[in-house]
Amino acid sequence: MADESKPPQSPDSQKPESGTAPASPAAKTPATPAPPVAAKPAPPPPKPPAPVQIPLDNELTRRYREQFGAAILDALEDRKQAYLVIDAAQLKEIALYSRDFEKFDLLEDFTAVDWPRREKRFDLVAILYSFPHNTRLRLKIPVAENERPVSLVEVWPTADWLEREIYDMFGVEFSGHPGLKRILLPDGWQGHPLRKDYDILLQDNAWVRENLGIDSGQ
Amino acid sequence: MNPTLHAVLDFLQTWWAELTCGVVIVAVVPLVAGYLVLMERKLMADMQARLGPMRVGPHGLLQPIADAVKLLIKEDIIPGESDKLIFWLAPVISMTAALTSMGAIAFGPSFQVARDINIGILFVLGVSSLGFLGIILGGWASNSHYSIIGALRSTAQLVSYETAGGLAIISGLLLSGTLSISGIVTAQQTQRVWFIFLAPVGFFIYLVASIAETNRAPFDLPEAESELVAGYMTEYSGFRWALYFLGEYANMIVVGSVATTLFLGGWLRPFPNVRWLNWLDVLPALIIALIGVYSVYRAGKQPVKIQTQFMWGVALACFAVALIYAVPWFVGPLKFVIPGLNGAFWFLLKVAAYIYVFMWVRFTLPRYRFDQLMHLGWYILIPLAIVNVFAVGVAMLIAANTNWNHAVVLLLATIVTTIATLVCAVFLVSWHDRRTESASTASLARDSYAG
Amino acid sequence: MGNALQDDALQNNSTLLGTDELVLNMGPQHPSTHGVLRVKLKLDGERVRGTECVIGYLHRGVEKIAENRTYQQVAPYVDRMDYVAAVSNGLGYCEAVEKLLNVEAPPRARVIRVILTELQRIASHLVWLGTHALDIGALTPLFYCMREREEILKIFEKYCGARLTTHAFRIGGLQYESYDGFEKDVERFCLDFERRIQEYVDLLTGNSIWIGRTRNVGVLNAADCIALGASGPILRAAGVKWDLRKAQPYAAYDQYKFEIPVGTNGDTYDRYMVRIEEMRQSRLICLQAIEKIPEGAIMGKVGKVIKPPAGEVYHSIEAPKGILGYYIVSDASTQPYRVRIRPPSFINLQALDKMVRGHLVADVVAIIGTLDIVLGEVDR
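Chains as they are written, first to last, in this note's numbering: chain A, 47 to 264; chain B, -5 to 445; chain C, 26 to 405.
Don't read these hints as lab results, they were simulated from the structure. Take these hints with a grain of salt, some might be off.
[Stated by the list, open to error] Label-pair restraints from in silico Cβ distances: (1) A/Asp120 - C/Glu71: 49 to 57 Å; (2) B/Arg49 - C/Val330: 50 to 58 Å; (3) C/Glu46 - A/Glu200: 23 to 31 Å; (4) C/Gln280 - B/Pro377: 44 to 52 Å; (5) B/Glu69 - A/Glu219: 46 to 54 Å; (6) C/Leu47 - B/Ile67: 37 to 45 Å.
Everything numeric in this text was worked out from a predicted model, so none of it was measured. C-beta atoms are modelled at their ideal positions from N, C-alpha and C, and glycine is treated no differently.
Input sequences plus hints: build the corresponding full structure.
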């Protein structure tokens, strides 16, 4: 509640949850005649609690910003875990820098999250681990729906199947990947299940009919 | 009298014993092979801390019957493109070879179909090798790529180890001086010592070679289930497969019999010439009677009435056999059967012990890969067998040219030569290890991910 | 004239002899692929030139399902991934959500979690050892391993009612108090277990056939391991002395002393030795833990409705198969926005291609076995 910014106090606008708010002028005079504005604005909807991310500024982020400048869109820390939001255009360079200079030699995971209402819909998330320093770093790369980020297979060979899974589940194509095809779903499947507009009960009935000989999977 | 009838009766009179033996072999050995399967399953279970077949009959004693019935009533599937005649013939050849080779084996002083044949061991080896033909034909007739590869692999393995086994047998033959089965056993009796003590390395080589010859673990890669190609038996189902399987177990009996004859004293009881141990002659009857007593004891512990009755049946059968063994002792005119019966008992006991070792080894050791298997056969066993033949020959020369007690000298000389052969074996094995290490490091030196 | 013809023939010898690459399919149904895994081998005679794994036969969409369940409802689903080591899956997930909530499980819960997880590690390695030995041809260790594992499963059954997919832990701690006699059972098992490990070692470790089948088979050196993301015993057998329980301790692991077994070669034999030694170390951890289980609550301060503040967290644990990670994104509702599971078997399986090249077909089975994959985790 501390960082919940209060809207500018209008004389008699009442927030539904201002029960614990310090006494505002409006509360003292509940029966004050109507203000100049005729229509009472509807109480604003309750704000969702803001995320617990705090901006990060340590040695590591300073080095990255020095190296890549504007490509590091943001540096945040969430529940003591650091992550950098970076630009997809410089993905490969940042990856190489991370592996070679910052010694993040293990790509622990590479996945994606779908935020359908954002302009850049997908958030590619790479979780890096450094054996020498015993630290982790997350890289978040926002990509748009038809964008083709560069593949990380040449930097960390483990990205091979991980990128195939991202392609399979989300539809993000990686340029430069040696053999990008579906991995968990059958080859002819239509649709990318982990997208938010793919209903949980949806199945590719055409594939089911053709390959399994039954009407539908349901 | 009708001359044909007369001729037939004459024939029967001369050959009735051999004919009986032959009939017994053909009729009884498949059943015995079936019970060998049960024995293997029970032994395997025992070594793996479990019980094995327990349901069908008391302690699973009727399991082979159930298996045979199941296999007989299975659908007979023949691959479409296969050569029907050869497909039918292959398991028959395999089984026939095994049974025929049993013809020359003597289970006792007088139980031998090919009586007094003077090339006994050679006959057994040669005819049992005909079984390989059954394997190749089976693989070819299955009309499957993987079957024929498996069959050829299996045959390659058998041929290699046949060579090693044959050379090992030679060392035993040097000691006996004759190929005839009864001659070999008599030689062990006159020399007062089993040949295993005179040619232990030869016995050991033959043991390993015979395990490989019968396609048993650790040499069963061609027919192992976790191998990609399932071997020559893939397309065979039902009773055809059972024939192959029974042929394999019959081969085990053959190979065990050869080893027993050559190295373990055949039908001789332990210490056959020692007078004060003559009381050992009552052991066969005694042991069988004790098995009967144990069956009676277990009969009381069976949970179900039919099982109790069956155990009583087993007990009665044991007592009947013990009676057959015991009666001639007391009935004068029947005394001539005693050596034969006792001999058969000791022979079968030794073969059973040999087969027990086979099974024991199967449950303990992992499987050899095919190239390791061939390497073991050609690079280690065959040179070792050759050296062993040479060593036994040297020992015999030493024994012949000194005036000391023949057996003692031979034993002493053999100890020395055994140590020498083992030293050679150690060198061979370490050379083999060094060779494979350099070979494998060479093959892994490439940068495989770049490819 | 004749020489020219001969040269021509030699240059075209590929068509003369027709040596093509053969593609051999180890299909989804196969006794030794430990689940529904399809491996297409490209063979050149007897040697393997490359592989292609086809997976997805057991894909059940756990990550999609998790977006439609509440946080507590997701927990039984994660058991079903690595169904051989369900307890560790649950541990990783519960700890990840606890991180998301900024809640810590009470000390008693953490210690009991360690005990159960280490018992589960032993059980998982026992399954691995039995099936791996069976693939290579040794029939007996399987039954011995199952006999030991039976004792562990009995402990689980007494604790939470289930043997395999246990759902042993809850978000915030434990649901069930340890039963009367829990310490006694664990102690009895651990005291007996050393002798049993010696049985397996006697059967296999010095056996020249075993060594011949596993030495220098499926070598993966340390650099390749890290590049390919292979973790767990595979990484340790390659010589990297690293264990997440020591590097970034979770649950109560920082209270116990145990060694990290390392191999030298990175071959199948070393992985075998590392896992045997890991079983010994797990046993030691259990013995240390049951000596002093702290008293107190078993459940932390977690409400009935779990609604973590928006954000994300990544938490990983050292599962028996490798690094098992959970990346959970919350949008401040009762259902997670995204649950991503980093499956160790999926990533370890990528290394199969590299490990198998140049080996004989008979070794492929041994190498798949040594990777210790569970298809439930590969496919999720």
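Open item on the list: Does the beta carbon distance between B/Glu69 and A/Glu219 stay inside 46 to 54 Å, or does it fall outside?
Closed with: holds (52 Å)
TODO: Go ahead and decide if the range 50 to 58 Å is satisfied by the Cβ distance of B/Arg49 to C/Val330.
DONE: holds (54 Å)
Open item on the list: Tell me if the beta carbons of A/Asp120 and C/Glu71 are separated by a distance inside 49 to 57 Å.
Closed with: holds (55 Å)
Open item on the list: 37 to 45 Å was suggested as the range; check whether the CB atoms of C/Leu47 and B/Ile67 agree with it.
Closed with: holds (39 Å)
Open item on the list: Given the hint of 44 to 52 Å, is the C-beta distance from C/Gln280 to B/Pro377 inside that range or not?
Closed with: The hint (44 to 52 Å, Cβ to Cβ) is violated, given that C/Gln280 and B/Pro377 are roughly 59 Å apart.
- [ ] Mind checking the hinted window 23 to 31 Å against the Cβ distance between C/Glu46 and A/Glu200?
- [x] Holds, since C/Glu46 and A/Glu200 (Cβ atoms, about 26 Å apart) stay within the stated range.
In summary, the one numbered hint that this structure violates is 4.
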